[in-house]
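K.L.:
Chains as they are written, first to last, in the numbering used here: chain A, 1 to 467; chain B, 1001 to 1191.
Don't take each hint at face value.
As the list claims (entries may be wrong) - No farther apart than 25 Å at their CA atoms in a straight line, the calculated lysine to aspartate or glutamate pairs in the DMTMM-like style are these:
#1 A:K52 x B:E1138
#2 A:K9 x A:E356
#3 A:K9 x B:D1181
#4 A:K4 x A:D274
#5 A:K52 x B:E1036
#6 A:K9 x A:E19
#7 A:K9 x B:E1159
#8 A:K9 x B:D1171
#9 A:K366 x A:E356
#10 A:K52 x B:D1171
#11 A:K78 x A:E109
#12 A:K4 x B:E1187
#13 A:K52 x B:E1187
#14 A:K78 x A:D57
#15 A:K4 x A:E401
#16 A:K78 x A:E387
#17 A:K4 x A:E215
#18 A:K4 x A:E19
#19 A:K4 x A:E262
No wet-lab data here; the hints were simulated from the structure.
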Amino acid sequence: MTAKTLFEKVWQRHVVVPETADTPAILYIDLHLTHEVTSPQAFSVLRSRGLKVRRPDRTLVTMDHSTPTDTAQIFGGKPIALESAAQQIRALERNCAEFGLDLIGLTDERRGIVHIIGPELGATQPGKTIVCGDSHTSTHGAFGALAFGIGTTEVGYVLATQCLLQRRPRTLAIEVQNRLAPGVAAKDLVLEIIGRIGVNGGTGHVIEFCGPAIEALSMDERMTVCNMSIEAGARAGMVAPDETTFAYLQGRPRAPQGEAWEQAVADWHTLRSDAGATFDRTVRLDAAAVEPMITFGTNPGMVAPISGRVPERPGDAVFARSLEYMGLAPGDSLRDKPVQVVFVGSCTNARLSDLEVAARVLTGRKVAPGVRMLVVPGSQQIKRAAEASGLARVFTDAGAEWRESGCSMCLGMNGDLVAAGQYCVSTSNRNFEGRQGTGARTLLASPATAAATAVRGRVTDPREFLD
Amino acid sequence: MDPISIIRSRTVVMPSSNIDTDQIIPARFLTTTTREGLGAHLFADWRYDGAGASRPEFALNRPQARGCQVLVAGRNIGCGSSREHAPWALLDYGFRAVVSTEIADIFRSNSLKNGLLPVVVDEATHAWLVEHPGAEVEIDLPAMQLRLPDGRAVTFPVEAFARHCLMNGVDELGYLLQQADAIAAYERRAV
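Model the full assembly from the supplied sequences, consistent with the hints where possible.
P.N.:
Here it is in structure tokens:
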């Protein structure tokens, strides 16, 4: 038997009809995550063609992107401030009722960012194929699932047939040796990887993250790494499931229970790349050499250690334009750059452990005068847990805003915005021009860096607070 | 979707690399429930200043850009968000093809599903196109060729089934629905 990669194993299990020169493979989708922004036009197609949702039981629907995070608008009866967002939310409610789908709706205690609640509910599992009309679907690969973002047309295909037409992607192994140093986060590692291979370094490939540094990561950290696979252009990112994965999933509401659990774990143990399996490409790096990172430009590949400086790229007009947008110049120090906004949240870094590390930095301290800090838990369950454990009090005592869950300031479409010209250290995934609001200047970093920066009001190496 | 055969048009050139879908259509325009009308917001923050006035230096705002159906963009166009609103906006504005040396995966897939032709060419051809904005080109989908004004022809790859769908003006859903028996058999076997 030929040695297979993790990706090949998951892919082969889901081939309904193999690919030929004329037609792509038909790939079965185990779990379809759906949200308010990329689904309305897909439901319209189903309606106009008289189609039903094939597998409502494999469709998990919630609202997160255009949904406000203001408590009064969620629970207080205050109207949703953005009328178009309110309409989009109502459209999702109507579509779910019409097509017989369970909706994790606005006031549901299970609601949250779709990529956070999938794992939290135990719906995300090793070996599954998972898609969503959202590029950060790559997050779920942390469990050894094959998970990737699709467009709205494909959302319609999956609703109607539970399948997609796919050509088999290539494979890229990213092997990470040693361990991350204290105070260095999974976010720093993935930013280092993107900086190294580039924002198109993974195009056409499924990445498997492997090696001792990856095995040592918690599930939350693995999700952060896989989440940003798409920022390197990859179709998906995966980590082989192991005891860490199984311990995370056991007992979650949608995970297998009892005897089915034992059978599932036995099967999941086989989901790893065989010795001698070949990848189309391999990249190796040393986790111990990674430092706290921060972006300085307008894509996530424009990144440097916090201790570093904005590099020079003479003759590169795109680079120069990006720096102009950011109000930075080659040679500028990144450390001590004053900021006006700090955002802790998003599908990259809004899980409980992210909030815990931010709270560790903020305990007994205050957000610097003139800085607005927004802390947005990734789900309502995370919110309640943080409130019960006292984390939320740390944030509010420090002067940060504590919100209902949602995508919030990761993207400017729900009312949470960074003003033009302002600098925001953000734990989200994209520093594109205008991503957090027209003219906003985003500096991507880890939750620890964000919290340390909030305290000083300037970009700060979190190790100053964590050591 | 109208069948695509040959697209003849002058080009608009936006040479920047890594033009992400947040630039093509900013997130604030995604709170829509239809796919129509997005062309008005295409490249909104590059086309208009904070007061809503046209930025004359931006490629699409130049008089010679009017009516162009082919966008020549820098490497890795369409990276970032999976929003299909990006090809919807480009098509609604009047574009029918995007030419680059590299096109991001999800954007390429979304474009093919909507009749916006993604055309990947070699560096030399791309460099020529960037140096000659407004060049009259011919993109021949049946032949998978892009022809330059001097008659030079370069081939570009298009996935076979996507090409079949584009040339016949059909989407992939009909084909998938025809596979209902195979899908049901898979569900009995594996799910």
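K.L.:
The structure should be examined with respect to each hint, and the outcome stated for every one.
P.N.:
A quick look at each hint next to the structure:
1. A:K52 x B:E1138: The hint is violated at about 41 Å.
2. A:K9 x A:E356: Not satisfied, since the Cα-Cα distance of roughly 36 Å exceeds 25 Å.
3. A:K9 x B:D1181: Roughly 24 Å separates the two Cα atoms, so the pair holds.
4. A:K4 x A:D274: holds (6 Å)
5. A:K52 x B:E1036: holds (24 Å)
6. A:K9 x A:E19: Between A:K9 and A:E19 the Cα gap is close to 16 Å, so the pair holds against 25 Å.
7. A:K9 x B:E1159: holds (24 Å)
8. A:K9 x B:D1171: violated (29 Å)
9. A:K366 x A:E356: The given pair, whose Cα atoms are some 16 Å apart, holds under the 25 Å limit.
10. A:K52 x B:D1171: holds (18 Å)
11. A:K78 x A:E109: Measuring from Cα to Cα gives roughly 19 Å; hence the hint holds.
12. A:K4 x B:E1187: holds (24 Å)
13. A:K52 x B:E1187: Holds, at about 17 Å.
14. A:K78 x A:D57: violated (33 Å)
15. A:K4 x A:E401: This hinted pair is violated, its Cα atoms lying about 48 Å apart.
16. A:K78 x A:E387: holds (23 Å)
17. A:K4 x A:E215: Roughly 19 Å separates the two Cα atoms, so the pair holds.
18. A:K4 x A:E19: holds (18 Å)
19. A:K4 x A:E262: holds (24 Å)
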